[in-house]
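2 protein chains.
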Amino acid sequence: MHSIEDRLRATADRIASAMDSLLPPAQGPEQRLLEAMRYAALGGGKRLRPFLMLEAGRLFDADENALVRAGCAVEFIHTYSLIHDDLPCMDDDDLRRGQPTVHKQFDETTAVLAGDALQTLAFEVLADTATHSDPQMRCLLIAGLAKASGPHGMVAGQMIDMERGTEAGDTAGVARMNRLKTGALISWSIDAGALLGCAQDDARHALARYANDLGVVYQMVDDLIDVAGDAGEAGKAVAKDARAGKVNLVTLLGVETARQRVRLLAAQAQNHLAIFGPRAKVLSEAVDFTLERRY
Amino acid sequence: MHSIEDRLRATADRIASAMDSLLPPAQGPEQRLLEAMRYAALGGGKRLRPFLMLEAGRLFDADENALVRAGCAVEFIHTYSLIHDDLPCMDDDDLRRGQPTVHKQFDETTAVLAGDALQTLAFEVLADTATHSDPQMRCLLIAGLAKASGPHGMVAGQMIDMERGTEAGDTAGVARMNRLKTGALISWSIDAGALLGCAQDDARHALARYANDLGVVYQMVDDLIDVAGDAGEAGKAVAKDARAGKVNLVTLLGVETARQRVRLLAAQAQNHLAIFGPRAKVLSEAVDFTLERRY
Chain A
1 MHSIEDRLRA TADRIASAMD SLLPPAQGPE QRLLEAMRYA ALGGGKRLRP
51 FLMLEAGRLF DADENALVRA GCAVEFIHTY SLIHDDLPCM DDDDLRRGQP
101 TVHKQFDETT AVLAGDALQT LAFEVLADTA THSDPQMRCL LIAGLAKASG
151 PHGMVAGQMI DMERGTEAGD TAGVARMNRL KTGALISWSI DAGALLGCAQ
201 DDARHALARY ANDLGVVYQM VDDLIDVAGD AGEAGKAVAK DARAGKVNLV
251 TLLGVETARQ RVRLLAAQAQ NHLAIFGPRA KVLSEAVDFT LERRY
Chain B
1001 MHSIEDRLRA TADRIASAMD SLLPPAQGPE QRLLEAMRYA ALGGGKRLRP
1051 FLMLEAGRLF DADENALVRA GCAVEFIHTY SLIHDDLPCM DDDDLRRGQP
1101 TVHKQFDETT AVLAGDALQT LAFEVLADTA THSDPQMRCL LIAGLAKASG
1151 PHGMVAGQMI DMERGTEAGD TAGVARMNRL KTGALISWSI DAGALLGCAQ
1201 DDARHALARY ANDLGVVYQM VDDLIDVAGD AGEAGKAVAK DARAGKVNLV
1251 TLLGVETARQ RVRLLAAQAQ NHLAIFGPRA KVLSEAVDFT LERRY
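Same order as they appear, the protein sequences are chains A and B.
Going by this note's numbering, the first sequence runs without a break in its numbering and finishes at 295.
Going by this note's numbering, the second sequence runs without a break in its numbering and finishes at 1295.
In short, the hints are calculated from the structure, not lab data.
Incorrect hints may appear among the rest.
Unchecked claim - Going by beta-carbon spacing under 8 Å, a handful of chain A positions derived as facing chain B: (1) Q119; (2) S133; (3) Q136; (4) L253; (5) V282; (6) E285.
To be verified - Derived lysine-lysine pairs resembling DSSO-like cross-links, with alpha carbons at most 27 Å apart: (7) K1240(B) to K147(A); (8) K1104(B) to K1281(B); (9) K46(A) to K240(A); (10) K1281(B) to K1046(B); (11) K1046(B) to K1240(B); (12) K1147(B) to K1046(B); (13) K1246(B) to K104(A); (14) K1104(B) to K246(A); (15) K104(A) to K281(A); (16) K104(A) to K240(A); (17) K46(A) to K147(A); (18) K1046(B) to K104(A).
Glycine is no exception: its CB is placed at the ideal position from the N, C-alpha and C atoms.
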């Protein structure tokens, strides 16, 4: 039996190798753009979203090639969002996964364009017949990813995150921001796995509840790392919200209450998997992994 | 008989009204993002790409609703590219269509995010069943738009434009840059009209040649406006290439030779329409309009 860490690493390698094939080779007068796309997309990362998609799809014996390609698409979107989030006009971060951010390694111009092109590539991959033979399925994936990542999802969450000032803030507002900024893409990843496996409605709904709780756990652990983590271990700047005078769920609730809350939510996420029995063991372990991560 | 200007204006109004319905209402904590998207997308513009798509589609009696929605998608992509091109780290422009650019009217953060979200919205619109009942058609549109606008198209052209320094430059390299930066999206617009009209291969190929020549005419006229135009009349900064020490086809060929060349190309574009007979009158007039525009 492989540990969850082994499985995550194996999936991360597989996704990185598939992303490598899907990214254009870095050549021609536009080489700098393509190098920056590759630098950002292939420079490590847990590949948690593709992992969740693959494991959700495997519950229903979905086609592995389709899962890997759709997993690459969500990782291209995630990568583009990190490049743009790190820009000087956003979070102004110099470090990502322990490496210089794209605008530091290249420049701002290249960072904006590499993010733009990675977004386009995600949709190009999903629209390709190689992803799935049924165009109806491909359209469902594209529509879902667009909804999760665009003005109704991730980008809206990022706007709210950038806008919120030092005012007290309320838990409901912060929770909605998190749901848009990180929850929507995590939820879509899991739903895409179920879709590709042609899952029944009750199974999709159980997974949607699991995904929702897991998304909150993920964000609260992120906030705990920001509040109480170590930059060296995290591979990125910490205490960013505090320095920006921003509240998050951890500063609103206090570290101890937040730790309690996150453990409760993790247990609740795992309970939603009950209908799948032992088949959902890996998705259940993914919750523990998310809860215990330090970076 | 309506003049080409009247037809352009009527189409522009129709596209703007459809874009208005497709854009999310500006409300909620993410209001600033949605306001910036609306400001950029609804703030005027000739809507030349949707116009060409509609007129190409009408040659084959394509469904008008499908043409309008796909026209909105290309205009969302075009708008996102203008917002990002105007950023301080790109062309650093304060003025667009005679109005403050998005980062001037709002700020850089909002401009990056509004561009990102408009790109996503374009693919969301195309993936929607309301655009076309056949998912195969929707996937073809999405794949084509992604190819024309992403790392194989528009964004690559923009990267080359940003990278090129003050070295002499050669005509072939500048021509390729133009084909990627502006030609690809114009060509896709026209091809999408033909696709939606289920045009035969020979008709599609004739339109592709027309589109290619028209794209060069469009870019050369742009360069002529930059070299010899007036900022007030153009509604944007002029002499930008000269100030940046960059070459373009007009500076490479000289104004008079460029004017001759562009007239020849315009005639050639019109000749490609011969197989359509008088039905293609508007597409032919669109060439004259492109040739004679001053802004």
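Against the structure, the hints come out as follows:
The beta carbon of Q119(A) comes within 6 Å of a beta carbon in chain B, closer than 8 Å, and the hint placing it at the interface holds. Violation of the interface hint for S133(A) is found here, the shortest Cβ-Cβ separation to chain B being roughly 11 Å, above the 8 Å cut-off. Residue-level restraint check for Q136(A) holds (minimum Cβ-Cβ distance to chain B is 4 Å; threshold 8 Å). With 8 Å as the threshold, the beta carbon of L253(A) stays out of range of chain B, its nearest partner Cβ sitting at about 20 Å, so the hint is violated.
Nearest Cβ of chain B to the Cβ of V282(A): about 30 Å, over the 8 Å cut. The hint is violated. Below 8 Å, beta-carbon pairs count as interface contacts, and E285(A) has none with chain B, the closest being about 32 Å; its hint is therefore violated. Distance restraint check for K1240(B) and K147(A): the Cα-Cα separation of roughly 38 Å exceeds the 27 Å cut-off, and the hinted pair is therefore not satisfied. At roughly 41 Å between alpha-carbon atoms, K1104(B) and K1281(B) are farther apart than 27 Å, so this suggested pair is violated.
Restraint check: the Cα-Cα separation between K46(A) and K240(A) comes to about 21 Å, which is no more than 27 Å; the hinted pair holds. Taking the CA atoms of K1281(B) and K1046(B), the gap is near 19 Å; set against the 27 Å cutoff, the hint holds. About 21 Å separates the Cα atoms of K1046(B) and K1240(B), which keeps this hinted pair within 27 Å; it holds. For the proposed pair K1147(B) and K1046(B), the alpha carbon gap of about 23 Å is at most 27 Å, so the pair holds.
Proposed proximity of K1246(B) and K104(A) is supported: the alpha carbons are some 25 Å apart, at most 27 Å. Restraint check: the Cα-Cα separation between K1104(B) and K246(A) comes to about 25 Å, which is no more than 27 Å; the hinted pair holds. A distance of roughly 41 Å separates the Cα atoms of K104(A) and K281(A); the hinted pair therefore is violated under the 27 Å criterion. Proposed proximity of K104(A) and K240(A) is supported: the alpha carbons are some 18 Å apart, at most 27 Å.
Restraint check for K46(A) and K147(A): satisfied, since their Cα atoms lie roughly 23 Å apart, inside the 27 Å limit. Taken as a hint, the K1046(B) and K104(A) pair is broken in the structure, with Cα atoms around 37 Å apart against an allowance of 27 Å.
Violation of the numbered hints given earlier is confined to hints 2, 4, 5, 6, 7, 8, 15, 18; the remaining hints are satisfied by the structure.
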